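*Asks:* What follows is the residue order along each chain.
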Amino acid sequence: MIALAVSLLHTLVALTLAPLLLGVINRTKAFFAGRHGQPLLQPYRDIAKLLGKGATYSRTTTWIFRAGPTVGLAAALAAAALVPFGRVAAPLAFAGDLVLLVALMGLMRFCTVLAALDTGSSFEGMGASREVAIAALAEPALLLGLAAVARDSGTLSLSTMFQHAAIDPTTHVGAAAALVVAALLVVFLAENARIPIDDPATHLELTMIHEVMVLDHGGPDLAFIQCGAAVKLWVLGALVVQAALPLPRATSPWLTDAAFVAGMLGLAVVTGIVESTMARVRLLRVPQLLVAAGALSAVALVLVAR
Amino acid sequence: MTRLGAGGALAGCALGLAGAFPALLGAAPTSVRLPWDVPGGAFYVELDALAAAFLVPIFVVCAAAAIYGAAYLRDRAADKALGPAWLFFDLLVAGMALVVIARNGVLFLVAWEVMSLSAYFLVTFDHEKESVRAAGWTYLIATHAGTAFLLVFFVLFGCEAGSLDFDRFAAASAAGALSPSTAGTLFALALVGFGTKAGLIPLHVWLPEAHPAAPSHVSAVMSGVMIKIGIYGLVRALTLLGAPPAWWGWTLVALGVSSGVCGVLFALAQHELKRLLAYHSVENIGIITMGLGLGVLGAASGSPALAALGYGGALLHGVNHALFKGLLFLSAGAVLHAAGTGEIERLGGLLRRMPRTGVAFLVGAVAITGLPPLNGFTSEFLVYLGALRGTTSLERGAALPSLAVIAAMALIAGLAAACFLKAFGVVFLGVPRSAHGERAHDPGRAMTAPMLALAAACAAIGLAAPLVVPALAPAVRVASGLPPAEIEATLAGAASSLWMVVGATLALAALAGALALLRRRLLRDRPVASAVTWDCGYAQPTPRMQYTASSFAQPLTSLFSALLGTRMRVTAPRGYFPREASLASETRDPWREGAYRPLYASVTELLSSLRWLQHGHIHLYILNIALTLIALLLWKLA
Chain A
1 MIALAVSLLH TLVALTLAPL LLGVINRTKA FFAGRHGQPL LQPYRDIAKL
51 LGKGATYSRT TTWIFRAGPT VGLAAALAAA ALVPFGRVAA PLAFAGDLVL
101 LVALMGLMRF CTVLAALDTG SSFEGMGASR EVAIAALAEP ALLLGLAAVA
151 RDSGTLSLST MFQHAAIDPT THVGAAAALV VAALLVVFLA ENARIPIDDP
201 ATHLELTMIH EVMVLDHGGP DLAFIQCGAA VKLWVLGALV VQAALPLPRA
251 TSPWLTDAAF VAGMLGLAVV TGIVESTMAR VRLLRVPQLL VAAGALSAVA
301 LVLVAR
Chain B
1 MTRLGAGGAL AGCALGLAGA FPALLGAAPT SVRLPWDVPG GAFYVELDAL
51 AAAFLVPIFV VCAAAAIYGA AYLRDRAADK ALGPAWLFFD LLVAGMALVV
101 IARNGVLFLV AWEVMSLSAY FLVTFDHEKE SVRAAGWTYL IATHAGTAFL
151 LVFFVLFGCE AGSLDFDRFA AASAAGALSP STAGTLFALA LVGFGTKAGL
201 IPLHVWLPEA HPAAPSHVSA VMSGVMIKIG IYGLVRALTL LGAPPAWWGW
251 TLVALGVSSG VCGVLFALAQ HELKRLLAYH SVENIGIITM GLGLGVLGAA
301 SGSPALAALG YGGALLHGVN HALFKGLLFL SAGAVLHAAG TGEIERLGGL
351 LRRMPRTGVA FLVGAVAITG LPPLNGFTSE FLVYLGALRG TTSLERGAAL
401 PSLAVIAAMA LIAGLAAACF LKAFGVVFLG VPRSAHGERA HDPGRAMTAP
451 MLALAAACAA IGLAAPLVVP ALAPAVRVAS GLPPAEIEAT LAGAASSLWM
501 VVGATLALAA LAGALALLRR RLLRDRPVAS AVTWDCGYAQ PTPRMQYTAS
551 SFAQPLTSLF SALLGTRMRV TAPRGYFPRE ASLASETRDP WREGAYRPLY
601 ASVTELLSSL RWLQHGHIHL YILNIALTLI ALLLWKLA
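Protein chains in written order, with the numbering used here: chain A, 1 to 306; chain B, 1 to 638.
Simulated from the structure, these hints should not be mistaken for laboratory data.
One or more hints might be untrue.
To be verified - Some but not every residue of chain A turned toward chain B, in silico, with C-beta under 7 Å:
| # | residue |
| --- | --- |
| 1 | K29 |
| 2 | A33 |
| 3 | L77 |
| 4 | V99 |
| 5 | D199 |
| 6 | L301 |
Claimed, not checked - Restraint ranges, calculated between C-beta atoms of paired labels, are given here:
| # | chain 1 | residue 1 | chain 2 | residue 2 | range |
| --- | --- | --- | --- | --- | --- |
| 7 | B | P590 | A | G37 | 52 to 58 Å |
| 8 | A | G37 | B | A531 | 29 to 35 Å |
| 9 | B | T542 | A | K49 | 23 to 29 Å |
| 10 | A | L284 | B | P527 | 39 to 45 Å |
Said to hold, decoys possible - Just a few of them, taken from the derived set where beta-carbon distance is under 10 Å, the chain A residues facing chain B:
| # | residue |
| --- | --- |
| 11 | F31 |
| 12 | A55 |
| 13 | T60 |
| 14 | W63 |
| 15 | T70 |
| 16 | L73 |
| 17 | R87 |
| 18 | A89 |
| 19 | L100 |
| 20 | L114 |
| 21 | S153 |
| 22 | V274 |
| 23 | S276 |
| 24 | T277 |
| 25 | A279 |
| 26 | R282 |
This structure is a prediction, so every number in the text was calculated from the model and none was measured.
Ideal Cβ placement from N, Cα and C applies to all residues, glycine included.
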């Protein structure tokens, strides 16, 4: 019971901290651009402001458009309940929870895309089409990468599979871990619509992927979408950080928690650096990047299966 | 006539369900054996848990299809005699049920042909149309080619076992009477024969032709349950062949992966709703075959957990696919009925006009995509769990098929989501793209009730998954031949995971409800306006400017163009004031075009050299017969 309460508390902390990652990414980008940049807490203010607004709906839309952001955010929150917080197990931890995690993110995407198509807009159709293509290629990379970690640790739950003994980087298992981290990082960037796959800061509808799908949403619906995006950033980021950062087992829980949060903020800084120093790849090249990530995961799985 | 035909099917299905349910839950098998004056034949039937796992979906889907079909065919009564259609529908249901319980080779083949031939007459219901006749012809050739392999399978097995009864088959292989090469040959024969009925790539070419050509309630039965009879045959053959070697599992996994991935890719490239659904059946048969392959690998490598999860996932996915594919075909039929076309690019905005059909199709789409909380997720979860168990527990080489299954399942899930978002999004959302959809409306209760019942069944299996999965244990025991204790332990483990899944689902529903309340409360006293969809300020948007299904699928179809071979006919706009521009794409089946068409062309050419025998002179035919008779008599006397 106490363990469950601790897990739930950590999930709540994670949900509270999730928008902060966006703030850190934006500040990092501002630093690289030589600007002062927006306050770190700006994403929270944006969400609060949107929650306080009314809404405008397209006459083409149906209940699907109104339900999409709500169900999407609920799916993201349920996904957050499956992801461990450093050494602390997730509130819902069971053999095969990685499959449910991927399916819940699929459900979230399903809702976003349906809502986009409900507007009948060509722009949103175009974004939706690109989103599903990218997701279809990112999913094998994600699941194969997690399967490699599962094989190495011998367990099928996200909450236990990252917690095995520290990895020796000189062995083939260490090499496999590096490959998994690289693959998960690409999936993290692709699924969260970051450069080099998608540019969250673009202003031209034709070149957007994620942003264009939510063009017609406003008010509380858009707030829900932004919350969902922040939670998804945290969920996938947590997988990358835990695969990259084998937290020592026998230290105080406060220390591991602090190390994990520091890792998450570090990941946000890395994302900001990637966004500042890289150009977005051409849309036609995105599949190659994702297939390469899938190949890295597969190689990692073959390595750990030795 | 309709009342008799549909009512008879309904009564039979209800009666059958009452018998099949206890058997599914593990009641002792019951058998009847009556003498039959056919050489090698016996009227020998048995109802065990494996048969029941197929009988239950047969009866459920056929009952729904019968109710739906009665209304669906009503306005065809003016120009068509419906008697034959109902006769063959009832024969099809009876044939399928008899195949599943038959325990004698001759009886099995007779029931198999009753099923296959009645399906032919149902496919050619609209035989005035050239395309329907062609589809029926393709189906007839394919089904008989498959039966030919089964004939050899039973004769060869009968020669080894000394009888055509299935229990003698099983006894012969248990006693080690089959050499590995004979067993391998028998496995290959069964794989081709049953694989043709199931629609495994590359034996699937008849499926995307025949299923769309049939009336929609027949498509639901054919795609939902008839192709499962092929899977049933394969599983039954595996139980008769004894302990499997590992290469059978490898073969099944390889075929499953190729069917799954290619099936969904071809579905993505289709423009016609029922054809798209037919290709999805190929995909789902692929998933089932992957599960079977994992089960066989588990049995071959002495890993009961892998075997139980593989067989369990395959059997449950068979049931689930029957429910959601039946549901999808019935909803597609309602669209066809109301809008007069199944061409996706001509439809749009139907959710406003057909709200019930729209919800039914959406439920089917979520289920087939394998998203929680519906039943598609449950069975795919079992297959995933099996593959993950295989990856983590097996030796290096043996883990490779599991790895392939994980990669393929993940890719299929993404592609299936893309395909059903395309189908639902373009057909039901947005605004109508042509006059077809504008006057469409929901069909009457006789058609919506079966759809909603199947949708409810999809949700019920998804939400009751932790109770459903352990109930599969008797069927898995028959299929895998493993000790019951290990199967039950594995399935109980999976069920405990599924309790957590149900918990997460309920949490999701509660969160969604809370968020919806929050949203309503936030918007209550605020301005909520209506406007046009954002169009960059363009003055005159028209429905034709909406994104099309082909455009939606384009990133993926062009990525996999090497496999699909999509042909494009483009008239590019020319000059400063272009007058015309057009683009048409067509994706034909490369196996049909590249393999079967040349093969059948050369067969036709070869056999046409015998044309001189068919000259039409009857007196010469009689002479030929007489000469043959004399020759035979002389041979007998000598």
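*Asks:* For a quick check of understanding: which of the numbered hints are violated here, in increasing order?
*Replies:* 1, 2, 5, 9, 11, 17, 18, 22, 23, 24, 25, 26
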